[in-house]
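Visitor: Just so it is clear: in the sequence shown, position 227 is 226 by numbering that gives the first Met the number 0, and no numbers are missing.
It should be emphasised that the hints constitute simulated quantities derived from the structure, not laboratory data.
Be a bit skeptical, because a hint or two may be false.
[To be verified] For each label pair, taking beta carbons as the anchor points, the in silico distance ranges come out as: (1) Gly-215 <-> Asn-125: 36 to 46 Å; (2) Glu-212 <-> Trp-189: 47 to 57 Å; (3) Ser-350 <-> Thr-109: 46 to 56 Å; (4) Gly-141 <-> Ala-293: 12 to 22 Å; (5) Thr-50 <-> Arg-399: 12 to 22 Å; (6) Asp-88 <-> Val-373: 44 to 54 Å; (7) Gly-89 <-> Ser-241: 17 to 27 Å; (8) Asn-233 <-> Asn-125: 20 to 30 Å; (9) Gly-215 <-> Tyr-64: 28 to 38 Å; (10) Lys-52 <-> Arg-399: 38 to 48 Å; (11) Phe-317 <-> Asp-88: 31 to 41 Å; (12) Thr-283 <-> Lys-343: 16 to 26 Å; (13) Lys-340 <-> Val-373: 38 to 48 Å; (14) Val-90 <-> Thr-237: 17 to 27 Å.
[To be verified] Dumping the calculated DSSO-like pairs for lysine-lysine here, alpha-carbon to alpha-carbon at most 27 Å: (15) Lys-47 <-> Lys-340; (16) Lys-129 <-> Lys-171; (17) Lys-412 <-> Lys-129; (18) Lys-172 <-> Lys-161; (19) Lys-161 <-> Lys-129; (20) Lys-172 <-> Lys-52; (21) Lys-124 <-> Lys-161; (22) Lys-412 <-> Lys-52; (23) Lys-161 <-> Lys-95.
No residue lacks a Cβ here, since even glycine has one placed at the ideal position from N, Cα and C.
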Amino acid sequence: MKVSLRFLNQLLLSVFLVTFMGCGSDEPDSPTPKPETEEPTPEPEQNKLETLKEGRLVIAYAPYYRSMLPNPELVTNISYSFAEVYVRDGVYQTFKLQDPSFAQGSYNQTAAENRFREILALRSKNPNIKISLSFSHTVSNGDNYQDGGFSAIAATDENRKKFAQDCLDFLKKWNIDGIDLDWEFPGLSWSGAAFDPIHDVDNYTLLVKQLRETLGRQYLLTFAGYVMDKRTLNGSRTEDGSGWRYIDLKAVRPYVDYVNIMAYDIDSPEDGGRGFQSAVSSSTSWWDITRCLAEYREAGYDYNQLVLGIPFYMRHSFSGADGEPVAIDYRDLIVKAANDKTYKIDNWDSSAQTPYVTRNGQFWGSYDNEESIVKKGRRYIGGLGMKGMLYWDSGADDDRYTLSKACWNAVMKAY
Numbered sequence: 000m001k002v003s004l005r006f007l008n009q010l011l012l013s014v015f016l017v018t019f020m021g022c023g024s025d026e027p028d029s030p031t032p033k034p035e036t037e038e039p040t041p042e043p044e045q046n047k048l049e050t051l052k053e054g055r056l057v058i059a060y061a062p063y064y065r066s067m068l069p070n071p072e073l074v075t076n077i078s079y080s081f082a083e084v085y086v087r088d089g090v091y092q093t094f095k096l097q098d099p100s101f102a103q104g105s106y107n108q109t110a111a112e113n114r115f116r117e118i119l120a121l122r123s124k125n126p127n128i129k130i131s132l133s134f135s136h137t138v139s140n141g142d143n144y145q146d147g148g149f150s151a152i153a154a155t156d157e158n159r160k161k162f163a164q165d166c167l168d169f170l171k172k173w174n175i176d177g178i179d180l181d182w183e184f185p186g187l188s189w190s191g192a193a194f195d196p197i198h199d200v201d202n203y204t205l206l207v208k209q210l211r212e213t214l215g216r217q218y219l220l221t222f223a224g225y226v227m228d229k230r231t232l233n234g235s236r237t238e239d240g241s242g243w244r245y246i247d248l249k250a251v252r253p254y255v256d257y258v259n260i261m262a263y264d265i266d267s268p269e270d271g272g273r274g275f276q277s278a279v280s281s282s283t284s285w286w287d288i289t290r291c292l293a294e295y296r297e298a299g300y301d302y303n304q305l306v307l308g309i310p311f312y313m314r315h316s317f318s319g320a321d322g323e324p325v326a327i328d329y330r331d332l333i334v335k336a337a338n339d340k341t342y343k344i345d346n347w348d349s350s351a352q353t354p355y356v357t358r359n360g361q362f363w364g365s366y367d368n369e370e371s372i373v374k375k376g377r378r379y380i381g382g383l384g385m386k387g388m389l390y391w392d393s394g395a396d397d398d399r400y401t402l403s404k405a406c407w408n409a410v411m412k413a414y
């Protein structure tokens, strides 16, 4: 920084007065003169955003029932969640956007489409956002019920073709960019959906293949991937006659653009142990991200075909048997910890590389915060070259978009 001539003159005059008048003057000291040009105040670190890096993705899953929208400056892609399928007597009929009005015994199409339009309107602020429609295995709409679901759709050539054509028609009608499948999971049911352990996994591959053939390569085709490859119902990786569950990763690889790995909900402390839901590595958890990525690599995926999932919530349990919430959104967790001192957040496990919550001093659940997201970015985006991060879900972040910003910067940083 250059010093002005006026400043030097003032400084010499001050030295002269001090020398000849002594240091015990009762007169107040003159204020120290400032340079004519001052350094700008640095921008707070949390407000700085990395610039977009071509080819890297930050994907927000935006559920139909949330009021909070993703910040369009902090995403490259949005997966609108969800649409649900209608099946009657094993025959696919149609699909519809899920209804945010939760109309009983009916379907409010206006409410469903208006919510979807709110997502599309984000393009006015960021025209480069890619928007996909994500399909759930769940049934939420008041005019629908479980009757075969994706298991039935995937089972016949006619159903697969009709569903794929409906997807293409929807993409064209709404001018969006892709389809994302979130069937959890072929070969088993966690929500009352029909399943067929003998055929679902193979039929899922046929469904993905048909979607690619119908959509072509101009549209995105992705799926929400589990943290492991297909398994028999007995847990084996080789055929044992019990049937299969999850997804045949190797078989679907040629048809998809990338995989959105749900690297969360892996474990919980429900059984009294120290189970982390999204650990990098953990001997106390049922599974972890390190073992997850090893299976995707074994199935032939390059790291740049894999998007790492980040939970925007704390996982306490899966059953809710203790009467406590099974999960708490990040936005609510930080408020709870501030108001109830029996909860302590931001504890750190160096092996799992993840924060956790204690309640009355006991391990109570795990989540991701800014620190863990930064570390995962350095390890997986910078170190391994993974394609990006997704998060479930955008509406669970706080009003300052704390975790959304952390994900953006973790992905876009120049490593």
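Visitor: Given the proposed pairing of Lys-161 with Lys-95, does the C-alpha separation stay at or below 27 Å?
Guide: At roughly 14 Å apart (the allowed maximum being 27 Å), Lys-95 and Lys-161 satisfy the hint.
Visitor: Take the C-alpha atoms of Lys-412 and Lys-52, compute the straight-line distance between them, and say whether it is at most 27 Å.
Guide: Holds: Lys-412 and Lys-52 sit about 8 Å apart, inside 27 Å.
Visitor: Could you see if the CB distance from Lys-340 to Val-373 stays within 38 to 48 Å?
Guide: Taking Cβ atoms as reference, Lys-340 and Val-373 lie about 27 Å apart, which means the hint is violated.
Visitor: Is 36 to 46 Å a correct range for the gap between the Cβ atoms of Gly-215 and Asn-125?
Guide: 25 Å, violated
Visitor: Check the hint pairing Lys-172 with Lys-161 against an upper bound of 27 Å on the C-alpha distance.
Guide: Holds, at about 16 Å.
Visitor: Please check whether Gly-89 and Ser-241 have a Cβ separation lying inside 17 to 27 Å.
Guide: Because 24 Å falls inside the window, the suggested range holds.
Visitor: Thr-50 and Arg-399, beta-carbon distance inside 12 to 22 Å?
Guide: 21 Å Cβ-Cβ, so the 12 to 22 Å window holds.
Visitor: Check the following: the C-beta atoms of Val-90 and Thr-237 are separated by a distance inside 17 to 27 Å.
Guide: 35 Å, violated
Visitor: Just tell me: holds or violated, for the beta carbon distance of Ser-350 and Thr-109 against 46 to 56 Å?
Guide: Since Ser-350 and Thr-109 have Cβ atoms about 50 Å apart, the given range 46 to 56 Å holds.
Visitor: Checking one constraint from the list: CA of Lys-161 to CA of Lys-129, max 27 Å. Satisfied?
Guide: Distance of about 25 Å is within 27 Å: holds.
Visitor: For a C-alpha distance cap of 27 Å, please report whether Lys-172 and Lys-52 respect it.
Guide: 30 Å, violated
Visitor: Looking only at beta-carbon atoms, does the pair Asn-233, Asn-125 fall within the given range of 20 to 30 Å?
Guide: 47 Å, violated
Hints 1, 2, 4, 8, 10, 13, 14, 15, 20, 21, counting from the list given before, are not met by this structure.
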